[in-house]
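**Q** These protein sequence lines are chains A and B, in that order. My numbering applies: residue 1 is where the first sequence begins, and numbers increase by one. My numbering applies: residue 1 is where the second sequence begins, and numbers increase by one.
No lab work stands behind these hints, which were simulated from the structure alone. There may be inaccurate statements among the hints.
[Said to hold, decoys possible] Not everything, but these chain B residues come out facing chain A in the computed CB check (under 8 Å):
no.	residue
1	26
2	29
3	50
4	114
5	116
6	199
7	217
8	222
9	244
In this text, all values refer to a predicted model and were calculated from it rather than measured experimentally. The beta carbon of each residue, even a glycine, is placed where N, CA and C say it ideally should be.
There are 2 protein chains.
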Amino acid sequence: MINGHGDDIYRYKDIRINFSSNVYNGFDHEDLFCHLANQLDHVSNYPEPTPAQLENNLALFLGLQADELMVTNGATEAIYLIAQTFRRKHSAVLMPTFSEYVDACRLHEHQLTNIYQLEQIHVGFQIVWLCNPNNPTGAVTNKETLVQCICEHPNTLFVVDASYAEYTDQPLISSAEGCLMPNVLMLHSMTKDYGLPGLRLGYVTGSASLLEDVRRQRMPWSVNQVAIDAANYLLSHQDEYTINLAELMAERERVAQQLSQLGGVQVWPSDSHILLCRLTIGKASALKDFLAQEYGILIRDASNFAGLDSSYFRIAVQTPAENNELIQRIAEWIAQ
Amino acid sequence: MINGHGDDIYRYKDIRINFSSNVYNGFDHEDLFCHLANQLDHVSNYPEPTPAQLENNLALFLGLQADELMVTNGATEAIYLIAQTFRRKHSAVLMPTFSEYVDACRLHEHQLTNIYQLEQIHVGFQIVWLCNPNNPTGAVTNKETLVQCICEHPNTLFVVDASYAEYTDQPLISSAEGCLMPNVLMLHSMTKDYGLPGLRLGYVTGSASLLEDVRRQRMPWSVNQVAIDAANYLLSHQDEYTINLAELMAERERVAQQLSQLGGVQVWPSDSHILLCRLTIGKASALKDFLAQEYGILIRDASNFAGLDSSYFRIAVQTPAENNELIQRIAEWIAQ
C-alpha cells in the first residue's frame, strides 16, 4: 500500500499535534541534529555498500554476533527482502495488522492466508507474519504462548515485527532469544525506537543461517549516510533517548478510559502506546478531517486495515497536554 | 556485488583525493548543507510514501509528465526494480560495464548474455542494459546508431543508464526523447549530477505505461526525507551546480595524454570525465595500495569488471592540481 498509511502530514497544512503514526514524539533531538549538521559533508562520499561498521556496533550493543543482524532502509526494506527471499511460499498473516506484510507477500507471489489467532497456525503455513506489540491494536501476544507456538511449528518461519518493543511493559522475545530460535526473524525499527521516521533505519535479527539467505537479496547502498551517522550517534547516546515507560503506560490507560467515557468511542485493550478506537456513530475519515482542519491535530483513519471498517481510527499516545486536547476535540465532534 | 565497488574510502584512513568513484568532486555544497542543517527536524516525520511532490517538481524541471518519472533510492534501486519487474526475461548486458545490471538480473533469475557491441543485439533479447556514457570506459555510443538500434528492435526493452550524462559533450538521448520511445527506460543519478552519493537519490524516466509496471514493484518510503529535501533544493539552485564542461573535457584529454606518455599506462578513449587505464606492468591493486597508503590518493581497482583483468584501474578526472599529483605519483610507482 503506497497511500493510506498514517503520518500523511504532507497532505495537510499546519498540523500541530501528530497522533497519526505510531511514533512517540517525546524525544528531544537537538543534540543529534547538531551532530548530523556538523558532518553533512559525509554525503559527498558513498556510504558503505552495506553498513557493516554500523552492523558491528549495533550487534555489540545488542549482545549479538554481527552475522545475526542486518541493517535495512527502514524495517520496510526488511519486510520486502524477507518476502523476496521466500518467494511463492505459503504465508499466514495475523490480522488485523500493518499492511506491508501482505503487500510484500503479494508482490513476491506468496499464497496468503489471513489468520486472527495463533491457534489457527498449522503445518501448511511456511511463514507466519505477526507484529508484536501489534499495529493497530497495541496488543502484545503472551510471550510463553508465542514461544510455545514457535517451538511447536519448527518448519514454519515466524517473522516477528518488534518495531514497538520499546513501548510496552509486557514480556517479549528479545533479539538474543530470537537468534537462538532457528525459525524466527525479528524486525526492528530505529525509526520507532528513537522517533526518527524520516531517516529510514531498521534492522532484522535472526540466526546467521536464516539471515544469510536474506542478505543475498540485498542491493548495495540501500541505507544512506545520514541514517548511518545518526544510528552510530544514537547507539552512543542512549541516555538522551530514555522514555519513562511506566508513565507512558499509565497515560495510555488514562487516555483509553477518558475516550471510552465520552460515549461514542470504543477503545481496544492495548499493551503499548497505540490505541485502536471505534466510533459508534459517524466515520473516522470525518473525525480526521475535522481535527486536522479545525485544530491541526492528525489521527490515523484506520478504516483501510484489513478486517476493520470506516468507524475505526488509531492514535499513538503523546504528552498529557496533547492527549487532553485530543480528547476534548473528539468530545466536541461527537457533540456536534 | 556488495564489495568491490569504487569509493571504498571507508576502508582507508586519511584519503585526501578521491578518484575512485565516478563522482565529480568539484561542487561547493556549503549552501546546500546549511539549508539541510536548518531543517533536519523534518526527519521527525515520515517522508511521503513515494516522493510524489519531488517527482512533480523534477518532471516540471525536465519537461516531462509526472507519470513519466519515478524517484528512487539511488539509481541502484531503479536497476533492481526494473530487473524485478521483468523477472526471468532474457537480458543482454553491453560489457564491460557497471556490475549491478548483471547482479540485479541474476537475483531476479534473468537469462543473461554478455554482449560487447550493439551489432550483437538480436530479437531474442527481451531487455538490453547499457550505460551511456559507459562506466568504466567513459565512452559514449553514437546517438544516431543507438536510436536506430532501438527503433530496429521494438520488442526489446532498452535500459539506458544515463548516470554520467552531465559529464560528456557528445549528443545523447534526452529524458524527453526517451519518454517518446515505447521501449526505453532511462536511469538517472542525482548522486552523479550533483556529487552527493551519500544521499541515495536517483530516478528513472520512460513512457508512462512502461513506468506503471515498474512502479507497482515499489516499496513505500524508500527515499528518505533528507534526500527529498536536498533534491528540492538542488532543483531550485541550479546555478550553484554548473560545471564547465569544455574545461573538464579538455582536462580529461590532458590527463589521458600525460598518463599515456608515462610509459606503462594505456588509456582507453573516453567521452566523459571517466578514464579506464591499463598497467602494462604490475597490478592495479598494488598501485591502488601504494597511492592510498603513501599519499592518501584513492583510485578504483577495475579488475573486477567482467572482461577486465588485474591490470585495469579507473579514475574520474578532478581538478588540474589533483590530477597532476595523481600523474606524478603514478609515475613514481612505475619508476620503482
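**Q** Hint by hint, say whether it matches the structure.
**A** For each hint, the structure was consulted:
With a cut of 8 Å, the hint placing residue 26 (chain B) at the interface with chain A is violated, because the nearest CB-to-CB distance is about 11 Å. The beta carbon of residue 29 (chain B) is positioned within 8 Å of a beta carbon in chain A (closest approach about 7 Å), and the interface hint is therefore held. Evaluation of the residue 50 (chain B) hint against chain A yields a held restraint, the C-beta minimum of about 6 Å falling below 8 Å. Hint status for residue 114 (chain B): violated, given a least beta-carbon distance of 21 Å to chain A, over 8 Å.
Below 8 Å, beta-carbon pairs count as interface contacts, and residue 116 (chain B) has none with chain A, the closest being about 25 Å; its hint is therefore violated. This hint holds: residue 199 (chain B) has a C-beta 5 Å from the nearest C-beta of chain A, less than the 8 Å allowed. About 6 Å separates the beta-carbon of residue 217 (chain B) from the nearest beta-carbon of chain A, less than 8 Å, and the hint is met. A distance limit of 8 Å between C-beta atoms decides the matter here; for residue 222 (chain B) the minimum to chain A is near 6 Å, and the interface restraint holds.
Interface restraint check: residue 244 (chain B) against chain A, minimum CB-CB distance 20 Å, threshold 8 Å, status violated.
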